[in-house]
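Novice: Single-letter residue listing:
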Amino acid sequence: MPRGGGWRPGARWARNDTQNGVGQAAAIDALPAHQRPTMREMGRRSEHADHPFKAMPSDEGARGGGGTAMPSASSPMAVLQGGRLTWARPMVLITRSGQREIITSACPLALDLGLHPGMAAAHARALVSDLDVRDAEPEEDAAWLERLALHALGHWTPTVAVSGHDGLWFDLTGTTHLFGGEARFCHRLLRFLSRLGFTASVAVAGTPGAAHALARYGGESMILLPPKEEAHALADLPLAALRLETGALNAAARFGLERIGDLYPMPRGPLAKRLGLSTVMRLDQARGMVAEPIVPVTAFETPSARRQLLEPIGTAEAIAQVIGDLVDDLVVQLQQRRLGLRAAHLTCQLVDGSEQKVGIGTARASRDARHLTRMLVARIERIDPGLGIETMVLIAPHVEDLQASMVAAKLGRDDHAPDLALLVDQLSGRVPPEAVFRLSSHESDVPERAIRRMMPLGEPKGWPAWARPSRLLARPEPLSSVIALLPDHPPRRFSWRGGTYRVVAGDGPERVHGEWWRRPGEMWAVRDYYRVEVEGGARYWIFRRGDGVEEGTGDLSWHLHGVFG
Amino acid sequence: MSTQPALPSPSQEQLDALRAKLTSARASRGPVLPFGVPMLDERLAFGGLDGAGLHEVAAASSKLSDDAAATLFAAGIAARFASSGFTVLWAVSRFDLYAPGLEQVGLGPSRLLYAEGKKDQEVLAIAEDGLRDGSLACVIAEVRSADMTATRRLQLAASDGQTPMLLYRRHRARDQCPLTQNSSAMTRWRIGCLPSAPLPHPGVGRARWSVELARQRGGNPFSLDLDACDDKGCLARPALSIDRAIAPAGSANRAA
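Protein chains in written order, with the working numbering: chain A, 1054 to 1618; chain B, -19 to 236.
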């Protein structure tokens, strides 16, 4: 009863046809979402109705009012795993083909509303106004599936294959006892997937085809099929469960064949003639009459080479010999897989169980055995063999694609520059890798900032052709007792490092403004650079802080910054 | 009193063997790089710098200006060695080079690879690696001291890799020329700053250096005053005052 004991005529709770609220609620729940009566229609019972103008959707993407969890883009399925979530917005994923937008998948709520994959998105929007439409990302889905397959490979079974765009095949032969049987394994799998936010269904069958069909069309989240039951279990499933081609499905629909069981009594010859030989093959594969190999995914294997030594070694020559053998083994692997090495670790296991490790890196992907051997041999002195080395392992943790390259014809003059990568690698072994570098220009007028270090194999850029010294002081040194005319004349004389210099000629000024975007103190700062020649022939690069007119540009102090030749 | 026995006259085979040895010794030298200044090239033993040998450069004094001049002299030679697009390796232990200045004598950033070592030993080892690699146009190493063994190693590496080597010796003490150390270099240069030629207008003219060859194999030392490197790294003979174009009257010393 509503508050106050009164009742409104026409209120649904007060109608005579339904006696109890429980049956009514069940009836309402059975309706599709868009046909359910609103709270206002049903009358005020447990909570007040929202003000019709209060819960306007905000412009920022989040729904105003209500505690609804929006399906986030990262785990759109998370909302769906909890069973009936009647308060969520129906969501569909669409793909564009030409001008049309087609629904590729729909959430259970949207399926309830009558939206189905293959429908035009405009049609769906017309049917359901409050529809969440997102773009399908098949590449992302495939990447997820691949990750799941690799995880399964490492944790559950050694043979895993991706099946279609939405499933995985596990070869469970001889593995489920590790998890306590097939049923417990399947429960564990489903729990794992639900933690990740996926709804899944599992079917265990004797053939890949039967498992594929039962997992998708079986109607239960977990099916464990006893052996030799495939034909019986598949009989009632639709033909689409057999992974048939579209043409075969259409032809079967014309002939009135709907269930897989309809195909069993048919003679095979006419069946193959009308629905194609592949249909017969799929049927036989699903029933286990023809073997169906699955192509398992393989995890990327890090190229490595290993040598177990007959006797412990300790001399540099012996280590170099083993290094040469290891590199030869590794280079063969790299050649077969078209890879080039960027980094390698050499691990030496000693007799006393400890390990010695050295590493190399290359500036460019390489599988040149001579070069790699030379780089590793140069690091032998860092290995302490102790009582002797009994195993050596060479691993390449960082590799890159390296296709065969064409050898340039040696015709005429060979005047193109040789490859520096080998030299850079060799120098990087002698000094730290960052101590081998090139200098490139940086867009700044301040001289000490115009230079940037870069990788030795990069393409550096040059500088504008203003007069610049060949050596620059680490920081400008102040000059004393400077006699100069303001604002734009070089000084007549100055003192620096205990000597007095009389200037005989000067060029300038070259004005450099401060970079206000770096420091607020450089907002108005100015340096006026002069190139001066003093008596005796020395040529210096000096500057004055400030332009000599405005007070805020600098304190008019003089500094020496570089030396010309 | 015994008379000195007369030397036996060499046979034809001996002479031929000696001549073959001489030819092979000459062939082991790299291509010679002339300076393009006749008065300098004709005083050098091979008409230029040996392209597979060790050459030393030092400043005439410990002043920074002479140091900078010697740097540019070495950079100019390296730029002319690298004119075919090859790369120059510059190994230093204390980095105070200013790359835009080096670009102005023709040694652009794309032709120059730097390597920084902690000590002279590391710098010399880097230089030797670069020489033996053989893919460089020239190697420059800045060291404070390098003894006879080190220079001999560099000379051998340079002739093995057919790569010229410029050893830049920095001053250690104020009044001690670094070129007094023994060395097996082909040439040893000492560079100092001279006043530039006065211009008919205010400004600093083209720099001028005193280029002194302190020692060379197979030749005599000499000293010359030359104009500094231009943007290709080429030195020039200073224009004599009688050859110089006469400045228009009244333009000199008008300002400044």
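Misleading hints may appear alongside valid ones.
As the list claims (entries may be wrong) - Simulated crosslink set (DSS-like; lysine-lysine; CA at most 27 Å straight-line): (1) B:43 <-> A:1514; (2) A:1410 <-> B:98; (3) B:43 <-> B:98.
Said to hold, decoys possible - Chain B regions said to be covered by chain A (calculated; three or more residues, Cβ under 8 Å): (4) 13 to 26; (5) 30 to 40; (6) 109 to 119.
Bear in mind the hints are in silico, worked out from the structure with no lab data behind them. It should be emphasised that the depicted structure is a prediction, and the values quoted were computed from it without experimental measurement. Built from N, CA and C at the ideal position, the CB exists for glycine as well.
Novice: Are the hints correct? Go through all of them and say.
Specialist: Comparing the hints with the structure gives:
For the hint pairing residue 43 of chain B with residue 1514 of chain A, the CA-to-CA distance comes to about 31 Å; that exceeds 27 Å, so the pair is violated. Distance check on the hinted pair: residue 1410 of chain A and residue 98 of chain B sit about 24 Å apart at the alpha-carbon level, within 27 Å; holds. Only pairs whose Cα atoms come within 27 Å are accepted, and residue 43 of chain B paired with residue 98 of chain B is accepted, the gap being roughly 24 Å. Coverage of the segment 13 to 26 of chain B by chain A is violated [criterion: at least 3 residues with CB-CB distance below 8 Å; count 0].
Only residues whose beta carbon comes within less than 8 Å of a beta carbon in chain A count, and the segment 30 to 40 of chain B has 0; fewer than three means the coverage is violated. As drawn, the segment 109 to 119 of chain B meets chain A at 5 residues by the rule of a beta-carbon pair under 8 Å; at three or more, the given contact holds.
Consistency note: the structure conflicts with the earlier hints numbered 1, 4, 5.
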